[in-house]
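**Student:** One letter stands for each residue in the lines below.
There are 2 protein chains.
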Amino acid sequence: MATEVESREWYIASYAPIGVPNSDHIKLRTVTLSLRAECIPDNHVAFQILYVSIDPYMRTQLSGLSLPQIPLGQVIRALGIGKVIRSKDAKFSEGDLVLSPFFPVAEFGVMPSNLLQKINPADGVSLLDHLSCLGLPGITAWVGIEKIGNAKEGSNVFISAAAGGVGIIAGQLAKVKGCRVVGSVGSDDKVKLLKEECGYDEAFNYRIETDYDAALTKYFPDGIDVYFDNVGGKMLEAVLNHVNHGARIALCGMISEYNKVWTEREGVRNLLNMVGKEVMMKGFMVGSYYNHFEEIIKEMEVHLKEGKIKSKHKIYNGIESFLESLASLFSSSNVGKVILQVAS
Amino acid sequence: MATEVESREWYIASYAPIGVPNSDHIKLRTVTLSLRAECIPDNHVAFQILYVSIDPYMRTQLSGLSLPQIPLGQVIRALGIGKVIRSKDAKFSEGDLVLSPFFPVAEFGVMPSNLLQKINPADGVSLLDHLSCLGLPGITAWVGIEKIGNAKEGSNVFISAAAGGVGIIAGQLAKVKGCRVVGSVGSDDKVKLLKEECGYDEAFNYRIETDYDAALTKYFPDGIDVYFDNVGGKMLEAVLNHVNHGARIALCGMISEYNKVWTEREGVRNLLNMVGKEVMMKGFMVGSYYNHFEEIIKEMEVHLKEGKIKSKHKIYNGIESFLESLASLFSSSNVGKVILQVAS
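Protein chains in written order, with this note's numbering: chain Y, 1 to 344; chain P, 1 to 344.
Worth flagging that the hints you see were computed from the coordinates, not collected in a lab. Just so you know, these numbers come straight off a predicted model, no measurement behind them. A few of these clues could be false.
Listed below are several chain Y residues computed to face chain P (Cβ distance under 7 Å; list not exhaustive) [what the hints assert, rightly or not]: (1) L251; (2) V268; (3) M274; (4) E278; (5) M280; (6) M281; (7) F284; (8) G287; (9) V302.
Straight-line distance between alpha carbons at most 25 Å, and here's what the computed SDA-like set of lysine to any residue pairs gives [as the list claims (entries may be wrong)]: (10) P:K277 x Y:G246; (11) P:K282 x Y:E153; (12) P:K234 x Y:N241.
Over 12 Å on every C-beta distance to chain Y, these chain P residues come out as not near it, computed from the model [unchecked claim]: (13) P71; (14) D89; (15) H245; (16) G246; (17) G253; (18) H292; (19) S331.
The beta carbon of each residue, even a glycine, is placed where N, CA and C say it ideally should be.
All chains should be built: construct the whole structure from the sequences, respecting the hints.
**Tutor:** Pasting the structure below:
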């Protein structure tokens with residue numbers, strides 16, 4: 001084992017309060033990490049990063065608007081999977097696979113071991129499932145469909161950005177619950193994927209069917225009971241013209257709105273519809289459901305092993321592809337969970 | 001007792017899908033009602049109308065957009081209080097005071113007795129309290145503050161149209177629960193009323209403090225936990241810039257929006273704030289809480305008798321004032337519950 005490694009890492013060079021972050025905002029640099037035992041503090045672990053999960057919420061730490069604000073010059077952090085290469089904690093051994101939401105977006109790192117969780121993929125579960133179906137996307141899908149959407153047998157469920165990391169699992173989970181599920185996506189390939197591989201009853205390409213009201217009239221002749229909203233804006237407005245009495249709207253994210261200053265965002269003009277139809281709309285952050293994570297992961301693992309839910313990944317290769325992988329989240333170009341593979 | 005009476009009544013001459021209904025849409029006519037025993041069907045009661053409750057929801061039946069659509073030429077119906085003048089039901093006697101949500105907006109009427117409820121105002125309760133604090137406005141206030149708003153000791157509660165029939169009770173109820181309460185209203189007189197007579201901690205005139213964001217910064221240094229929304233539009237948007245984590249928004253009505261076609265309504269551009277702050281927003285119709293009416297009225301009666309909640313009324317006199325009283329709902333000119341006094 002080398003006594004030191006060169007590690008490339010991405011750091012925040014300047015904040016990107018609006019717009020998609022670019023190479024002015026985040027930059028790659030090389031740092032040297034000592035792997036000598038005396039340089040690694042007690043209860044710390046040195047690791048190599050294998051995979052980094054690329055998610056829309058990362059936008060926040062790059063905006064400079066998060067509280068606490070992340071100082072300029074700091075490495076960007078993300079959920080990922082790594083492999084232990086040196087351990088100063090008896091609970092971790094060289095070669096262990098570990099998961100952490102606080103990994104640096106880098107090739108190597110050293111972290112307190114209490115921020116790491118060991119993973120042992122079971123039969124029928126791949127390592128990457130821990131970043132999608134059994135990770136935050138899966139848990140997020142569960143919270144939106146079950147806890148907020150209260151989707152039941154026969155519910156009419158609509159999911160936007162339905163081929164995204166969360167949407168693709170949300171739709172499959174709703175099918176497991178016996179719902180009728182329709183998704184909106186940004187390409188015909190995704191329409192095909194959802195219908196042929198993910199069990200969606202219908203899907204449509206919002207770039208082709210640009211009259212959202214007409215599309216929802218066509219795909220929801222019986223109205224919408226549950227809307228899993230990943231996009232906000234005009235699609236949310238259209239949905240509010242098609243909701244059934246007592247409908248539930250889970251606001252998971254608003255990909256159409258993140259990169260705009262708020263006064264330039266799309267106004268939703270028909271919230272009045274929520275009154276007469278007694279619609280409930282709730283925003284949520286998956287972290288608030290932390291106490292339920294264990295039971296949720298347990299349930300998702302059952303669906304996964306029974307083949308009822310499949311993870312879909314879009315892999316970007318090499319630490320140098322981080323910026324490209326991040327930008328892809330906002331361009332409709334991906335199918336499934338975006339993952340940066342740093343090493344194998 | 002006369003054997004017949006002339007009764008003036010208001011009917012729908014043409015629909016008013018948008019805008020404030022005017023004399024083109026609703027008209028007064030005189031009908032003759034026979035009071036002879038043989039002309040009143042069994043289990044029916046003839047009555048004189050004393051009071052009619054004037055509420056924003058009446059807008060719907062005049063729009064022609066309600067389901068079922070109310071046919072042109074039909075008398076308008078409303079919640080009111082009447083006095084029995086002849087009865088073909090042993091449970092009702094001449095002189096009984098009765099309440100019904102289905103009274104014609106008229107001077108006299110005949111109705112099935114099962115649509116009537118006898119009222120006996122208790123000590124400390126006036127007849128008009130049955131149309132405000134103990135009526136739909138009081139129940140509506142309770143549902144918004146308790147059931148949806150989940151207002152607790154110390155919650156920061158904001159109420160718009162706070163001097164209106166519902167708002168004025170909602171604020172007093174929130175004070176009973178130990179909340180800090182601020183209201184927005186359309187005149188300085190109303191600001192004074194709320195602060196001096198209704199126990200509001202603060203109130204502001206949105207026609208003077210036209211920068212709602214600045215007003216909310218000033219009046220809610222600790223943010224908003226519960227918003228009882230009676231107006232929608234720009235005020236709702238401003239509130240979403242000041243909500244605390246986990247805030248609840250009860251959508252009771254949107255007085256700023258009723259009279260516009262939906263594409264001309266104010267768009268709310270910052271719903272994205274609901275995601276990170278996990279805000280819950282729910283529209284409601286008081287009728288859906290019918291099973292709770294009895295317990296709610298019981299609770300409100302306690303507050304009323306203890307002097308903790310007072311009803312405020314704006315009385316319009318004479319059946320001919322109906323149109324004026326209705327238009328007043330949309331003009332910010334009233335304080336408290338608008339009531340049409342038809343007879344005394």
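**Student:** Taking the hints in turn, state whether each one holds.
**Tutor:** Cross-check of the supplied hints:
no.	hint	result
1	L251	5 Å, holds
2	V268	5 Å, holds
3	M274	4 Å, holds
4	E278	5 Å, holds
5	M280	4 Å, holds
6	M281	5 Å, holds
7	F284	5 Å, holds
8	G287	10 Å, violated
9	V302	28 Å, violated
10	P:K277 x Y:G246	23 Å, holds
11	P:K282 x Y:E153	23 Å, holds
12	P:K234 x Y:N241	20 Å, holds
13	P71	21 Å, holds
14	D89	34 Å, holds
15	H245	9 Å, violated
16	G246	9 Å, violated
17	G253	6 Å, violated
18	H292	14 Å, holds
19	S331	19 Å, holds
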